[in-house]
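The lines below spell out each chain.
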Amino acid sequence: MTSIKHDPRIVITGIGAVSACGWTVNELHEGLLSGSSSITEPSRFDVSGQRTRVAGEVPPPPDSIVQKISEWETLSKSDQFAVAAAVEAVEQAGLSSGLSGAGLFFGGSTGGMFECEEYFGRLIGKREGRPAIRLQASQQINSPADAVARHLKLTGTVQTVSSACASGTLALGMALDELRSRQSEVVLAGGSDSLCLLTYSGFNSLRSVDNRPCRPFRADRQGLSIGEGAGVLVVETLDHALGRGAVPLAELLGAGASCDANHMTAPHPEGEGAAAAIAGAIADAGISADRIDFVNAHGTGTPQNDVSESRALHSVFGGRASALPVTSNKATFGHLLGSAGAIEAVTTILSMIHGVIHPMPGGGERDEQTELDIVVGAPRTISAGSVAVSSSFAFGGSNAAVIIGGWDEGSTE
Amino acid sequence: MGEADTKGEIKHLIIEALNLDGMTVDSIGEDDLLFEEGLGLDSVDALEIVVSLEKAYGVKIESEAANRESFKSVSTLAALVDQLRDSSQS
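Going down the list, the sequences are from chains S and W. Residue 0 is where the first sequence starts when you use numbering that gives the first Met the number 0, and the numbers rise one by one after that. Residue 0 is where the second sequence starts when you use numbering that gives the first Met the number 0, and the numbers rise one by one after that.
Do not rely on the hints blindly, as some may be mistaken.
With a cut-off of at most 35 Å between alpha-carbon atoms, the simulated DSBU-like pairs for lysine-lysine come out as follows [unchecked claim]:
| no. | chain 1 | residue 1 | chain 2 | residue 2 |
| --- | --- | --- | --- | --- |
| 1 | W | K54 | S | K4 |
| 2 | W | K59 | S | K67 |
| 3 | W | K71 | W | K59 |
| 4 | S | K4 | S | K67 |
| 5 | W | K54 | S | K125 |
| 6 | W | K71 | S | K4 |
| 7 | S | K4 | S | K125 |
| 8 | W | K71 | W | K54 |
It should be emphasised that the hints constitute simulated quantities derived from the structure, not laboratory data.
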């Protein structure tokens, strides 16, 4: 796929991910391909008093990762996810040394909130242990990005965007702008969030959480499943990548964003804002909507989102929408909130690399209101050079989408 | 209370406050460097030590007293605590 609209062209040369599937991109890919969900009863904190008891919790880290990161014990969970994913991404890109001066654009929504809750729980005697000051040291939303910058010595622009569940995708758009304007030749982009009571209880109170692993676009869905983890991408100009002998994994073709300006939590019922973000990303990529081969949907599994998103896709793709393959990774590892867009960009790139659209686990009939070709149970094959949209829609109405193209031998032409 | 007692107490406080699993009072030398290339403590640990010392000895450690020199080792911390206790009694 070639975007003729922009010079420089922007490519992705490294990806890293931490999720309920595991601490590496390979485990993420295998988890997605397995067609089974990694969403189970969480052990991080007591959920016995909650309406629902499921989440996509990251398993304990392997020693091999802990040993690589000397400051591990001083980091919050979301900082650990971010640094581990960033290290994996830069290793793949062949940039473990040589990122000095590079910037970082990051999404997140709760930073070290989990550790903060632990601190205050101990302070008032509701949890065991000393209320160590360290528990509060990483509470800022920008903490994961700063932890990555310190670890990799990134001395360029380091920015955190926090627009709820659109944050990770917005961060990718910021990286794209930075590189197109030639303010940088290589940056990192991504996001990280960890499970915490604030979001777990909050979504339960809103009754927007399913009591089973979420089932996006299915008729019997009852809500989302919260997850945690990080996704990090090394993004650079094509000439910079080729100049240092790197082989691109995929091309970041375009980004779009919008706001519903409508409701605190509900999406616009007709998906107008979502459609504007997707159409904007396609226009930014300089391609026609017909070139999109599949959709990595926001697909939360809430009754409202999935219908609204389906309407947005019909608005953008017209009659093609009902034949366009649509998947949602949230059925496998949950909704990563501020880092959802980052890890879903990683999975979209995995689709390009391996030539498959990952299936959604879980049975059940498709909701007739959605009128989409959802990928359930088994993966679908796609050809090299496919193009996909990955989208994220947030509470508050912020919408974002990116267009990602596969990379093959003909892509440099 | 003697100076040696204070040093032993401070070692115990540091181990407990910083949750230094596997360390004992005997494994911390009284003149060992506490930060960076020594025990590897950082500024958050320093804050935790300030809070623990203030609580244990009923002293107030002002910002100017919490400097690199007085937080260098268990010995310098003991000297600081003794000095603050003396001045509060006089």
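With the threshold set at 35 Å, check whether the alpha-carbon distance from W/K54 to S/K4 stays at or below it.
65 Å, violated
Hint check: W/K71 vs W/K59, CA-CA at most 35 Å. Holds or violated?
18 Å, holds
Taking 35 Å as the top limit, are the C-alpha atoms of W/K71 and W/K54 close enough?
Holds - the C-alpha atoms of W/K54 and W/K71 are around 20 Å apart, at most 35 Å.
Does the structure keep W/K54 and S/K125 at a Cα separation of 35 Å or less?
Holds, at roughly 22 Å.
Tell me if the straight-line CA distance from S/K4 to S/K125 falls inside 35 Å.
Answer violated: S/K4 to S/K125 is near 58 Å, above 35 Å.
Against the 35 Å threshold, does the CA-CA distance of S/K4 and S/K67 hold or violate the hint?
41 Å, violated
Quick one, are W/K71 and S/K4 close enough, alpha carbons at most 35 Å?
With Cα atoms ~59 Å apart, W/K71 and S/K4 exceed 35 Å; violated.
Starting from W/K59, check that the Cα of S/K67 is at most 35 Å away, please.
39 Å, violated
Checked against the numbered hints above, the structure violates hints 1, 2, 4, 6 and 7; every other hint is satisfied.
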